[in-house]
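Visitor: Keeping their order, the protein sequence lines are chains S and A. Note that the first sequence covers residues 1035 to 1432 in this note's numbering. Note that the second sequence covers residues 1035 to 1432 in this note's numbering.
No wet-lab data here; the hints were simulated from the structure. Just so we're clear, the structure is a prediction, and the values are computed from it rather than from any experiment. All the pointers check out, no bait thrown in.
All copies of an identical chain are treated as equivalent in the list; a pair is satisfied when it fits inside any one copy or across any two copies.
The list that follows gives simulated cross-link-like pairs (lysine-lysine, DSS-like), each with its CA atoms no further than 30 angstroms apart:
{"id": "1", "residue 1": "K1178", "residue 2": "K1045"}
{"id": "2", "residue 1": "K1045", "residue 2": "K1384"}
{"id": "3", "residue 1": "K1178", "residue 2": "K1197"}
{"id": "4", "residue 1": "K1329", "residue 2": "K1059"}
{"id": "5", "residue 1": "K1422", "residue 2": "K1382"}
There are 2 protein chains.
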Amino acid sequence: MISDKMTAMVKNSSAIRAMFEEGTKMADQYGAENVYDFSLGNPNVATPEEVNRAFVETLQQEDPVRLHGYMNNAGFEEVREAIAQSLNKRFATDFSQRNILMTVGAAGGLNVILKTLLNPGDEVIVFSPYFGEYRSYVDNFDGKLVEISPNTETFQPNLKELKEKITIRTKAVIVNTPNNPTGVVYSEETIRALAAALNEKQEELGTAIYLISDEPYRELVYDGAEVPYLTKYYDNTIVGYSFSKSLSLPGERIGYLVMPDSLTDADNIISAAGVANRILGFVNAPGLQQLAVAKCLDSKSDVEYYNRNRKLLYDTLKQLGFSCIKPEGAFYLFVKSPIEDEKAFCAKAKEYRLLLVPGSSFGCPGFVRLAYCVTYETIQRSIPAFTKLAENYFGGNS
Amino acid sequence: MISDKMTAMVKNSSAIRAMFEEGTKMADQYGAENVYDFSLGNPNVATPEEVNRAFVETLQQEDPVRLHGYMNNAGFEEVREAIAQSLNKRFATDFSQRNILMTVGAAGGLNVILKTLLNPGDEVIVFSPYFGEYRSYVDNFDGKLVEISPNTETFQPNLKELKEKITIRTKAVIVNTPNNPTGVVYSEETIRALAAALNEKQEELGTAIYLISDEPYRELVYDGAEVPYLTKYYDNTIVGYSFSKSLSLPGERIGYLVMPDSLTDADNIISAAGVANRILGFVNAPGLQQLAVAKCLDSKSDVEYYNRNRKLLYDTLKQLGFSCIKPEGAFYLFVKSPIEDEKAFCAKAKEYRLLLVPGSSFGCPGFVRLAYCVTYETIQRSIPAFTKLAENYFGGNS
Chain S
1035 MISDKMTAMV
1045 KNSSAIRAMF
1055 EEGTKMADQY
1065 GAENVYDFSL
1075 GNPNVATPEE
1085 VNRAFVETLQ
1095 QEDPVRLHGY
1105 MNNAGFEEVR
1115 EAIAQSLNKR
1125 FATDFSQRNI
1135 LMTVGAAGGL
1145 NVILKTLLNP
1155 GDEVIVFSPY
1165 FGEYRSYVDN
1175 FDGKLVEISP
1185 NTETFQPNLK
1195 ELKEKITIRT
1205 KAVIVNTPNN
1215 PTGVVYSEET
1225 IRALAAALNE
1235 KQEELGTAIY
1245 LISDEPYREL
1255 VYDGAEVPYL
1265 TKYYDNTIVG
1275 YSFSKSLSLP
1285 GERIGYLVMP
1295 DSLTDADNII
1305 SAAGVANRIL
1315 GFVNAPGLQQ
1325 LAVAKCLDSK
1335 SDVEYYNRNR
1345 KLLYDTLKQL
1355 GFSCIKPEGA
1365 FYLFVKSPIE
1375 DEKAFCAKAK
1385 EYRLLLVPGS
1395 SFGCPGFVRL
1405 AYCVTYETIQ
1415 RSIPAFTKLA
1425 ENYFGGNS
Chain A
1035 MISDKMTAMV
1045 KNSSAIRAMF
1055 EEGTKMADQY
1065 GAENVYDFSL
1075 GNPNVATPEE
1085 VNRAFVETLQ
1095 QEDPVRLHGY
1105 MNNAGFEEVR
1115 EAIAQSLNKR
1125 FATDFSQRNI
1135 LMTVGAAGGL
1145 NVILKTLLNP
1155 GDEVIVFSPY
1165 FGEYRSYVDN
1175 FDGKLVEISP
1185 NTETFQPNLK
1195 ELKEKITIRT
1205 KAVIVNTPNN
1215 PTGVVYSEET
1225 IRALAAALNE
1235 KQEELGTAIY
1245 LISDEPYREL
1255 VYDGAEVPYL
1265 TKYYDNTIVG
1275 YSFSKSLSLP
1285 GERIGYLVMP
1295 DSLTDADNII
1305 SAAGVANRIL
1315 GFVNAPGLQQ
1325 LAVAKCLDSK
1335 SDVEYYNRNR
1345 KLLYDTLKQL
1355 GFSCIKPEGA
1365 FYLFVKSPIE
1375 DEKAFCAKAK
1385 EYRLLLVPGS
1395 SFGCPGFVRL
1405 AYCVTYETIQ
1415 RSIPAFTKLA
1425 ENYFGGNS
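Excised from the complex, chain S in its bound form (with noise of 0.2 angstroms):
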């Protein structure tokens, strides 16, 4: 009884939740310590201690009635305005509150942005590989998600592709740096690259396509890679942050969208997204992480665990013989499946029990994602199971 669209989903019903729910099950079969799962984007770092005091302190301090309170749907004004200025500070941009509507998450922000924007046909490319719910929020709206294939060395998007497929029914382009599944982070340079090719676009075809910037991974990069603010290079830029990451807060729901002035229609879509925010269901991004998190905004989580993390697992992983790009952000590896079939090469993993995604989840098969958010300790006691998988393909070379 079921709608056709859920018994599609339910049938394809995400390999990654798929993956970690088996985790769990292998977790209580073997004992946790034996089970080496790199499947899910669930950071193992705490919030930082001020995180939790900014909570406590907004429950002790504020009037309950505001706090638990209705407020304007895009959220309390001084939060809205407390996150403008600190991106101004930090970008140099010139927000105000108006540009700022507190959201549900990353995933929220991007459902209300793609249900403010697109009628039924719209097109909303992607560059391979990508965070594989963008289909399904893409297909919420009846839009129709249009891939780039991937540059499997660099993992640059490949912006000759992206101009050939731009259409006038091209509403949206969404991009993700630092990216999951790749860690790759976009440099100025390609940023500048993207932008021109979208100007252009725009000039040919007298359409406005929106350029959406996925961002939840925007304070974890290592080696001091810069992250430019894609504002200031593109005028038509939407950017969805969320505090899950960065704050490791993946559970409390809390994130923003930001719209600036430049966007063509601007007043439009900011009225927009804030009713789409109400009649979606969202309402309002919860009141509370709200305030807590307006307290923290210089706060990000151990930046410095992740990297340890990396180092130690991709030193590992080339040493045993895999081949993958070095991440200069987020905390996942894209390794290359030494077997054409990535799905076959995960499953040979767990019999290791180590727990893989396989790229085909992320559009770009021949390759398997590992997040790296895991205790330390997991990934020293994964290498002697990680040596055993190697030996099915490298022979003993290593």
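Use these hints to put chain A onto chain S, whose structure you have.
Guide: Okay, now just chain A, sitting in the frame of chain S:
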């Protein structure tokens, strides 16, 4: 550049919200104490102290990685089990955690279940007057809202018309008792008759018709009114609950769906609802809120405060010559407009700084809604304004 649906939505943007914003403006201009804002269901009774305490204790006692992390999309297992057991104790039902899905308020829950059930063109029946957002929620999934005309004397459901309007495309019927905007509670007799009507049509058409019971006001009843638990009367009942009103937490976005095993296709509905929660962008209900409310399942906000408000406002309006059904639950009065055009009546009321919502927003023109979840003092101070308003219609006889 926004979508056609959103263009229409923004244009007709909720009269309630517009009124709310106008109220804020008037409060700035005349002073908050001189504006009598009965427009929004934003509780003015603080959450019980133990609820705030439960939030703080959860933050102080839980492992932050678990507390703030991702969990099953349906919610924390122990929270869902606690809710199932609480329902079983109160209503002699037989639920387990598998029947409970934690949601971003009732609005989130309704969107999840409509996404789960509706194919484009499927019909969802509502009884006028009804919460206006139902129209938007059904439209999110390209469903068709079908209205049953009101009995403006009793505001009990017209079951004869219900049976006439059920077709092969009828996927769901939404009820809301205690009702927004009338405050009416459906009696056990009514529920039995409703169940019989639905069973008869299911058998006749060979379809499953789901009864969605939207119950944010379940705990807010007066004079010992009983609110029957609908899953006990009709197998295909799905309950949407929210803590927004019962614990005065509307901005915190926490509620749940109950999907009994007795549902036709229960397994698929339960699986699909979990996936829908994820792909609609909720992902999961906020984790902290889940753990906090689970500790307060026997608490409720001060219903006696609303009862005092109800009595004062109802008695005042009746004495002034207005006519209105006496509400048994929720915190709304649905007052007959003394003139046919209730929007003109609302405009007149605004001249006395009385903010009311036109019944047209609830599919029931000729009436206006007053939300009495304000302070008692607001009602006291508003009496002279209502008196002057009444003089426009009932002469000097009051």
